[in-house]
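Novice: Sequences listed follow chains G and A, in order. So in the working numbering, spot 14 of the first sequence is number 140, and the numbers just go up one at a time. So in the working numbering, spot 110 of the second sequence is number 147, and the numbers just go up one at a time.
Rather than coming from a laboratory, the hints here were simulated on the basis of the structure. Even glycine gets a Cβ: it sits at the ideal position worked out from N, Cα and C. Possibly wrong hints are sitting among the right ones.
[To be verified] According to the in silico footprint, chain G covers these stretches of chain A (three or more CB under 8 Å from chain G):
no., segment
1, 96-107
2, 147-153
[Stated by the list, open to error] Listing some non-contacts, in silico: residues in chain A with all C-beta distances to chain G over 10 Å:
no., residue
3, Ala75
4, Ala110
5, Gly117
6, Thr122
[As the list claims (entries may be wrong)] Just a sample of chain G residues kept apart from chain A, beta carbon distances all over 12 Å, derived:
no., residue
7, Asp157
8, Ala162
9, Leu188
10, Arg193
So the chains spell out like this:
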Amino acid sequence: MKITDKILSGWLDDNLKPKQMTAVSAAVQSDPELQARADALRAVGAMLREESFEVPVTAERLVQDVRREIRLKDSPKPRGSLRWVLAGAVACACLVLVAVWIPSTGEDRVAVFQTEIEYVDSELSGASPMVYTDYEAGWTIVWLDDVELGSGI
Amino acid sequence: MKRIFYILVCLTFFGLSGHVAAQETVRVRVQLIAADQAEGPSDAALSGLMSKLQRMPYKRFQQKGSKTVTLSAGKNVKAGVGGHTMNLKLESVQSGRARVHVNWMRGRASVVNITAVTQPGSPFVCGGPREGNLTWIAVFSVQ
Chain G
127 MKITDKILSG WLDDNLKPKQ MTAVSAAVQS DPELQARADA LRAVGAMLRE ESFEVPVTAE
187 RLVQDVRREI RLKDSPKPRG SLRWVLAGAV ACACLVLVAV WIPSTGEDRV AVFQTEIEYV
247 DSELSGASPM VYTDYEAGWT IVWLDDVELG SGI
Chain A
38 MKRIFYILVC LTFFGLSGHV AAQETVRVRV QLIAADQAEG PSDAALSGLM SKLQRMPYKR
98 FQQKGSKTVT LSAGKNVKAG VGGHTMNLKL ESVQSGRARV HVNWMRGRAS VVNITAVTQP
158 GSPFVCGGPR EGNLTWIAVF SVQ
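Just chain A, with the same shape it has in the complex (with noise of 0.2 Å):
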């Protein structure tokens, strides 16, 4: 019965560090997305952020690029979305909290590094630069 007992607790345990190990990684979703003040319909792919985006000051969203990287601790990661270059990299995991470093680049140009600790369901955005009458923001989903 002991045994039974210790094979029960193992079993659990196993069970528990693969769940554990499980949290090592995180699955990031980058979308790209050029807005302008253009009337129009907007991308039929941003309808799941719509309601969000229409606070911003811009008429029409594009969406230019979208890509899911999965990233495991102390990795880079590089993305090419939408003619941009975004270097990933997930530095820890804690508490079901990704805390995770972008470097947003274009051609040669770093256009913003941040370290944002994230976790699914509370996406962040970085946008603001501007290409002739497009301003681009991005949306960094942590799935």
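Just chain G, with the same shape it has in the complex (with noise of 0.2 Å):
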């Protein structure tokens, strides 16, 4: 197996495979050159971690910081998330008002609404079918006057 600098960084960081871990150690303790590698990688690691590096200061960098401070302070983190959670509410309180308000307009409109025959009709000989509504009843009748069941059987 060839050992990339990329396969020894990754077994220096401890984000290989099993397989691949175990493998990589076997070669780095029989192979000084691959030793004196991994040592290489470990010491630029530890140099990067120590040094800090100073970002010189720039107009543009500047003109960046006052922009960010100002958008910050425009809209305060907080303040947006609590209009978030505001807007939810108002909006999940919309839908259950409609959702109760279906169903009740539903009962009010019973007093009101009577029983629609869309279409009415029988096979018995002789039979005509009337349909009127009893409103003080609250009941819509179909009625079949003069049919002897038996007539029609």
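Starting from the two chains in their separate frames, assemble the complex, guided by the hints.
Specialist: The structure is reproduced here in structure tokens:
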């Protein structure tokens, strides 16, 4: 197996699969050249962690800092989050109200709405169905007058 | 926070969809009543309907059968009630009202075909066919 710097770096960071880790460990122990590469990478990593770099202050960076400050002041995070929660609460409340309102208005209409007979037909001989509404009783009636069941059967 | 908002909205929609889905079926109670001019007490099972039935020109009312069926949209349901057959079909549900088709059969004869738009609290009645001294009345109530 050819051990590249990437694989070696993964081995140093313990980011390889267990099988690869074992193979690279064995290779590093037996190969002084690999050991030297590993030590060099270790040293570079340590140096990067220890060193701090001073970023030069430029006019562009200053402008960006000022803009960020203004943006943060204009829309502070907690207020923005609160707005989302409030919007969500209002939206949910509206939906729940609609869900409650639909059936309740249906019940309200009970007193006004009477069943509508869209179609009526009888195959019994001599039957002439009448449809009427008894408002006092609150129901719609389909009446087959002068029909003897035995006559049609 | 946006995630919480979306979750709340989704949960509400799920709740509403359940509410809407629940309306895709309706329960219909069918009561078959035999009315005649004989003296005597009416059936106690009809006490809830007596104030309405007494407006009809009969003296005695006997409940011969009662059945509550659950109708799903587009599906026929056959219910035997008091020796009669009621074929019921829920055609649609809109704005809390159900369009129901009823085919009342006595033996092999079709007594009546009705398509009614109804809702809970607004029953409809079909009656008139006679058998001897009895007059048959069927009450359909969406629940």
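Novice: Hey, does Leu188/G actually stay past 12 Å from chain A on C-beta?
Specialist: holds, 32 Å
Novice: Quick one: see if chain G covers the segment 96-107 of chain A, three-plus residues with Cβ-Cβ under 8 Å.
Specialist: n = 0 at 8 Å, threshold three: violated.
Novice: Far enough from chain A: is every CB of that chain over 12 Å from the CB of Ala162/G?
Specialist: holds, 50 Å
Novice: Hey, is Asp157/G genuinely clear of chain A, shortest beta carbon separation above 12 Å?
Specialist: Given that every Cβ of chain A is farther than 12 Å from that of Asp157/G, nearest at about 51 Å, it holds.
Novice: Does Gly117/A clear chain G by more than 10 Å, comparing its Cβ with all Cβ atoms of that chain?
Specialist: holds, 16 Å
Novice: Is the Cβ of Thr122/A farther than 10 Å from every Cβ of chain G?
Specialist: Its Cβ never comes within 10 Å of chain G, the nearest being 13 Å, so this holds.
Novice: Taking the closest pair, is the beta carbon of Arg193/G still more than 12 Å from chain A?
Specialist: Holds: least Cβ distance 24 Å, greater than 12 Å.
Novice: Does the no-contact call for Ala110/A survive, Cβ to all of chain G over 10 Å?
Specialist: Check passes; 16 Å lies beyond 10 Å.
Novice: A cut-off of 10 Å on Cβ-Cβ distance, and Ala75/A was said to be off the interface with chain G. Does that hold?
Specialist: holds, 18 Å
Novice: Is the coverage entry for the segment 147-153 of chain A by chain G consistent with the three-residue Cβ rule at 8 Å?
Specialist: Satisfied; 7 residues make the cut.
Checked against the numbered hints listed earlier, the structure breaks hint 1 alone; every other hint is satisfied.
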